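Q: Sequence:
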Amino acid sequence: MGEQRRILVEMSFDNNSSSSVIERDNPLFWSRVSPVDCNAIRIIGIVQLLVAFIGSILNGSLIQSFVKHKELRTPPNIFIFFIAVIGFTATVPVILVATSNIYCRWLYGKAGCLAEGFMVFFYGGSTSYILCAVSLSRCYIIVKPFDAKKVTVKKCLIVAIVATVMALVWTIAPLLGWNEYTLEHGIKTELSQRRVEMERRIVKSVVVTILGFFMAWTPYGVSSFISAFSSTLTPPLVISLCAIFAKASVVWIPLLYISTSTQYKLKFVDLKDMEKTATSQGGGGDGQTQINSQTATTVRRTPQVQVEEPSNKHSQDFTAINDETNNKSAT
Numbered sequence: 001m002g003e004q005r006r007i008l009v010e011m012s013f014d015n016n017s018s019s020s021v022i023e024r025d026n027p028l029f030w031s032r033v034s035p036v037d038c039n040a041i042r043i044i045g046i047v048q049l050l051v052a053f054i055g056s057i058l059n060g061s062l063i064q065s066f067v068k069h070k071e072l073r074t075p076p077n078i079f080i081f082f083i084a085v086i087g088f089t090a091t092v093p094v095i096l097v098a099t100s101n102i103y104c105r106w107l108y109g110k111a112g113c114l115a116e117g118f119m120v121f122f123y124g125g126s127t128s129y130i131l132c133a134v135s136l137s138r139c140y141i142i143v144k145p146f147d148a149k150k151v152t153v154k155k156c157l158i159v160a161i162v163a164t165v166m167a168l169v170w171t172i173a174p175l176l177g178w179n180e181y182t183l184e185h186g187i188k189t190e191l192s193q194r195r196v197e198m199e200r201r202i203v204k205s206v207v208v209t210i211l212g213f214f215m216a217w218t219p220y221g222v223s224s225f226i227s228a229f230s231s232t233l234t235p236p237l238v239i240s241l242c243a244i245f246a247k248a249s250v251v252w253i254p255l256l257y258i259s260t261s262t263q264y265k266l267k268f269v270d271l272k273d274m275e276k277t278a279t280s281q282g283g284g285g286d287g288q289t290q291i292n293s294q295t296a297t298t299v300r301r302t303p304q305v306q307v308e309e310p311s312n313k314h315s316q317d318f319t320a321i322n323d324e325t326n327n328k329s330a331t
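Quick note: the sequence shown, position 322, residue 322 per our numbering, numbers continuous.
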């Protein structure tokens with residue numbers, strides 16, 4: 001028990017395989033050159049940097065919209081807010097992996113590997129739990145529409161926190177000795193009609209999100225499961241591509257929700273920019289407003305003119321009649 005664990009590291013260069021035993025405390029264990037071709041792994045690293053950049057923008061925009069607009073703080077959107085926050089933080093380990101892939105070796109040592117593995121595992125676990133909660137809440141709303149008011153913001157917030165804590169427990173377990181975070185075999189990283197239409201949109205949103213999550217993480221899960229028993233059955237490049245595809249979910253999860261949510265479509269676009277665009281295309285919105293205001297003023301004043309003119313005319317007629325009557329009586 002007191003002996004240090006020794007790990008058999010299989011390394012292949014130029015189609016020649018060799019085996020050597022390297023201790024985990026040896027710096028060479030964490031700075032080994034990737035078994036994947038460096039040119040291929042550098043391309044993957046550049047793609048990862050692009051994924052991290054786009055993911056941070058999309059998730060940051062969702063967070064900003066949620067904080068800025070109170071009307072978006074609905075029970076279902078609580079879950080999306082948690083996913084956006086976790087996805088935004090998950091772009092950090094993607095950057096660590098990307099820069100290491102560009103240099104064709106892990107750059108951040110054992111501590112960086114543990115931190116990267118912790119954040120990615122936490123992101124995957126918490127996202128899966130929260131998506132399950134989203135599915136259950138949407139199912140409840142569809143099955144029992146008259147009880148939809150029971151799904152409150154407070155309840156959704158509690159469920160989201162519980163899901164996050166559950167993922168955190170499983171994420172901390174490897175740090176306490178139950179399994180471990182270590183370098184991957186491939187890329188050297190961690191272990192009514194309206195109501196019917198509304199229900200269709202809800203179901204579509206849930207199905208698309210869950211299928212996307214399933215498609216992204218299933219190849220990575222299968223390849224990791226196989227490599228856990230035998231690292232020779234799965235080529236390193238395959239594991240690298242599966243991991244890249246899975247971690248790209250920091251981009252497509254907010255992208256899918258923005259495309260399927262009417263509320264976020266409206267709030268995601270700056271209304272001021274839309275007004276400026278409409279003004280430039282319409283040839284001056286201020287002039288139109290000025291004309292409308294003048295028209296409104298004319299309409300308001302018209303009844304006064306119509307009322308005043310008959311009253312003056314009648315008063316003159318009455319004066320003339322009185323004068324004629326007086327003249328006749330005098331005669």
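Simulated from the structure, these hints should not be mistaken for laboratory data.
What you are looking at is a predicted structure, and each value in this text was computed from that prediction instead of being measured.
A couple of the hints might just be wrong.
[As the list claims (entries may be wrong)] Straight line, CA to CA, 27 Å or less: simulated DSSO-like cross-link-like pairs of lysine-lysine:
#1 154 with 144
#2 68 with 144
#3 155 with 70
[Unchecked claim] Restraint-style ranges between C-beta atoms, simulated for each label pair:
#4 135 with 221: 33 to 41 Å
#5 107 with 150: 44 to 52 Å
#6 212 with 31: 31 to 39 Å
#7 68 with 211: 40 to 48 Å
#8 68 with 150: 45 to 53 Å
#9 177 with 53: 31 to 39 Å
#10 149 with 89: 44 to 52 Å
#11 74 with 162: 48 to 56 Å
#12 215 with 140: 40 to 48 Å
#13 33 with 157: 43 to 51 Å
Each residue gets a CB set at the ideal place from its N, CA and C atoms; glycine is no exception.
Q: So which of the earlier hints does this model not fit?
A: 2, 4, 7, 8, 10, 11, 12
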